[in-house]
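Student: Going down the list, the sequences are from chains A and B. Just so you know, our numbering puts 77 at position 77 of the first sequence, and the rest follows in order with no gaps. Just so you know, our numbering puts 35 at position 35 of the second sequence, and the rest follows in order with no gaps.
Keep in mind that the hints are not guaranteed to be accurate.
What the hints assert, rightly or not - A short, non-exhaustive set of chain A residues, derived as facing chain B with CB atoms under 7 Å:
1) Ile44
2) Pro45
3) Phe68
4) Phe69
5) Thr112
6) Ala115
7) Thr176
8) Ala183
9) Leu195
10) Ile199
Read the hints as simulated data drawn from the structure, not as lab findings. From the three backbone atoms N, C-alpha and C, an ideal C-beta is built for every residue, glycine too.
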Amino acid sequence: MRVVVDHFDLYWHGFVKTLGICLWAGTGALVLGTLLGAFRVSPIPPLRATGTAYVTLVRNCPLTVVLFFIAFGLPEVGVNQSYYRFAVGGLIIYTAAFVCEAVRSGINAVPTGQAEAARAIGLTFGQSLRFIVMPQALRTVVPPLGSVVIAMVKNSAIVGAFGVGGELYDVGASLTGAQGFAALPVLTGVVLGYLAITIPAGLGLGVLERKVAVVR
Amino acid sequence: MTSLLFDVPGPRARRRVLVGSVVAGVVLAAVALVVVRRLADNGQFDSAKWNPLLNPSDENFGLLWRSLWGGLRATMAAAVWAMAFSLTLGTLLAVTRITAAPWYRWLVVSLVELLRGVPVVMAIFFASRVLPEVGIRLSLRWYLVIGLTAYNSVVIGEIIRSGVAALPRGQTEAAYAIGLTRWAALRLILLPQAFRIMLPALISQLVVILKDTSLGAFISYEELLRRGNLAVQTLGNPLQLYLLVGAVFIAVNAALSRLAVVAERRMSRLRAARPEDVINVGAP
Numbered sequence: 001m002r003v004v005v006d007h008f009d010l011y012w013h014g015f016v017k018t019l020g021i022c023l024w025a026g027t028g029a030l031v032l033g034t035l036l037g038a039f040r041v042s043p044i045p046p047l048r049a050t051g052t053a054y055v056t057l058v059r060n061c062p063l064t065v066v067l068f069f070i071a072f073g074l075p076e077v078g079v080n081q082s083y084y085r086f087a088v089g090g091l092i093i094y095t096a097a098f099v100c101e102a103v104r105s106g107i108n109a110v111p112t113g114q115a116e117a118a119r120a121i122g123l124t125f126g127q128s129l130r131f132i133v134m135p136q137a138l139r140t141v142v143p144p145l146g147s148v149v150i151a152m153v154k155n156s157a158i159v160g161a162f163g164v165g166g167e168l169y170d171v172g173a174s175l176t177g178a179q180g181f182a183a184l185p186v187l188t189g190v191v192l193g194y195l196a197i198t199i200p201a202g203l204g205l206g207v208l209e210r211k212v213a214v215v216r
Numbered sequence: 001m002t003s004l005l006f007d008v009p010g011p012r013a014r015r016r017v018l019v020g021s022v023v024a025g026v027v028l029a030a031v032a033l034v035v036v037r038r039l040a041d042n043g044q045f046d047s048a049k050w051n052p053l054l055n056p057s058d059e060n061f062g063l064l065w066r067s068l069w070g071g072l073r074a075t076m077a078a079a080v081w082a083m084a085f086s087l088t089l090g091t092l093l094a095v096t097r098i099t100a101a102p103w104y105r106w107l108v109v110s111l112v113e114l115l116r117g118v119p120v121v122m123a124i125f126f127a128s129r130v131l132p133e134v135g136i137r138l139s140l141r142w143y144l145v146i147g148l149t150a151y152n153s154v155v156i157g158e159i160i161r162s163g164v165a166a167l168p169r170g171q172t173e174a175a176y177a178i179g180l181t182r183w184a185a186l187r188l189i190l191l192p193q194a195f196r197i198m199l200p201a202l203i204s205q206l207v208v209i210l211k212d213t214s215l216g217a218f219i220s221y222e223e224l225l226r227r228g229n230l231a232v233q234t235l236g237n238p239l240q241l242y243l244l245v246g247a248v249f250i251a252v253n254a255a256l257s258r259l260a261v262v263a264e265r266r267m268s269r270l271r272a273a274r275p276e277d278v279i280n281v282g283a284p
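Start from the sequences, fold in the hints, and give me the full structure.
Tutor: In structure tokens form, the structure reads like this:
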């Protein structure tokens, strides 16, 4: 494990960079995914169709293909960005489909009677959404949304494999590849870096899940 | 039709939906137009870009499709092996975790938590680098399969375990009451039902495995995506080729997902027997 200790600053920077990618991609995916979720439950057919098509296409396509398509396809039509931005963009596009599904299933899990009762006592659309549907839906959404975010953290490793320099996976790849260190200690260090994010996140999610569980 | 958020629309609401539909349609059409214009301006509809894919008389047509077909076969081979191993090992893991005595159950639990937190691409990379170091030299396909199995068997194990946990307690009790041993109860009564109720979740995980075979491209395993990458290097049409590769993945996965929906529908009819079902037998 000497190599990990010797290159600790490299690992640390990789860890921070991975966290940064996750922060940007997570925020973007939550915004885009919620918007798409709203599309999917809206009364306007073209928006519903757009949401459904997006989810069906993106969810069945590997993230790797999405990334390659963006990073090598977009420059062909004159869109040039850094690999980092393309990668974060790809992660957002991919994760948003899963966020959308979580949001939609959360809203659908609220019993219809709840909204009907809200309308019956004269609440407007906005009021019933704000006071009745959303508080219940958000609680149902928390567990699946948490799993989606943790999966996204793990998927951020693909971004490193894909060529965004300095990120945790890339640290492992360059130390074992170009610099020729033994793979077992180097990659164990990388794996520990990811576990340092995913295991606490999983435990935190479990606590949160028990806190917000809806009793029906 | 009344939905959760909206009542049956009256004349005013119907008018509003119509206006909204027209506005949304115009906006979507405008976006599509901008995209198509942009593609056309950059020559993405030129026959030079599409001919290798679509025109059988193009010199590269046969070569490209043979290469991609080989890639798809490699993808499917890796996926099928990874699925088979993951299902088998996953079942074993679930059984181990259920029947484990407390003194070593924590070992199984920590193994599961550990493997679940590792990115799949990392598991594949780990297999491809560490195994040769300790003297286990395999072809690239097996590194990919091992990496995929390490992660997915754990996930599948957890799916099966939660399926067993979701069964009514009476199932276990009845099995014991007719004299089955613990192992026989699990094998004959609990596991078959757990598989059935968890079929949709299991199929979704199989879709994940199929998608993740594309990570083999990073260890140079010649699957579909890698063959696509190689073709892009010679033909110089990334947009068209990645579109094609993506379409193939989407088609195969959509078919698998479709199976999950069908399974789910069947499940809602064929559910594990519950007390009320038994009581209702014979009623009109």
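Student: How about Phe69(A): closest beta carbon in chain B under 7 Å, or not?
Tutor: For Phe69(A), the interface hint holds, since the closest Cβ of chain B sits about 4 Å away, which is under 7 Å.
Student: A closest beta-carbon separation below 7 Å is what the hint needs, so does Ile44(A) meet it against chain B?
Tutor: Result: holds, 4 Å to nearest chain B Cβ.
Student: Answer holds if the nearest beta-carbon of chain B is closer than 7 Å to that of Ala183(A); otherwise answer violated.
Tutor: The hint holds - Ala183(A) has a Cβ within 7 Å of chain B, the shortest such distance being about 4 Å.
Student: Verify the interface restraint on Ala115(A): the C-beta must sit less than 7 Å from at least one C-beta of chain B.
Tutor: Hint on Ala115(A): holds, closest Cβ of chain B at ~5 Å, below 7 Å.
Student: Holds or violated: is the Cβ of Leu195(A) closer than 7 Å to a Cβ in chain B?
Tutor: holds (5 Å)
Student: Next item in the hint list is Phe68(A). Is there a CB on chain B closer than 7 Å to its CB?
Tutor: The hint holds - Phe68(A) has a Cβ within 7 Å of chain B, the shortest such distance being about 5 Å.
Student: Holds or violated: Ile199(A) as interface residue toward chain B, Cβ cutoff 7 Å?
Tutor: Holds, because the Cβ-Cβ distance from Ile199(A) to chain B comes to roughly 5 Å (cut-off 7 Å).
Student: Given Thr176(A) was flagged as interface, is its beta-carbon under 7 Å from a beta-carbon of chain B?
Tutor: holds (6 Å)
Student: Does Thr112(A) pass the interface hint, meaning its C-beta sits closer than 7 Å to a C-beta of chain B?
Tutor: holds (5 Å)
Student: Hey, does the Pro45(A) contact hint survive, CB to chain B under 7 Å?
Tutor: Hint holds; Pro45(A) Cβ to chain B Cβ min 6 Å, cut 7 Å.
Violation of the numbered hints given earlier is absent; every hint is satisfied by the structure.
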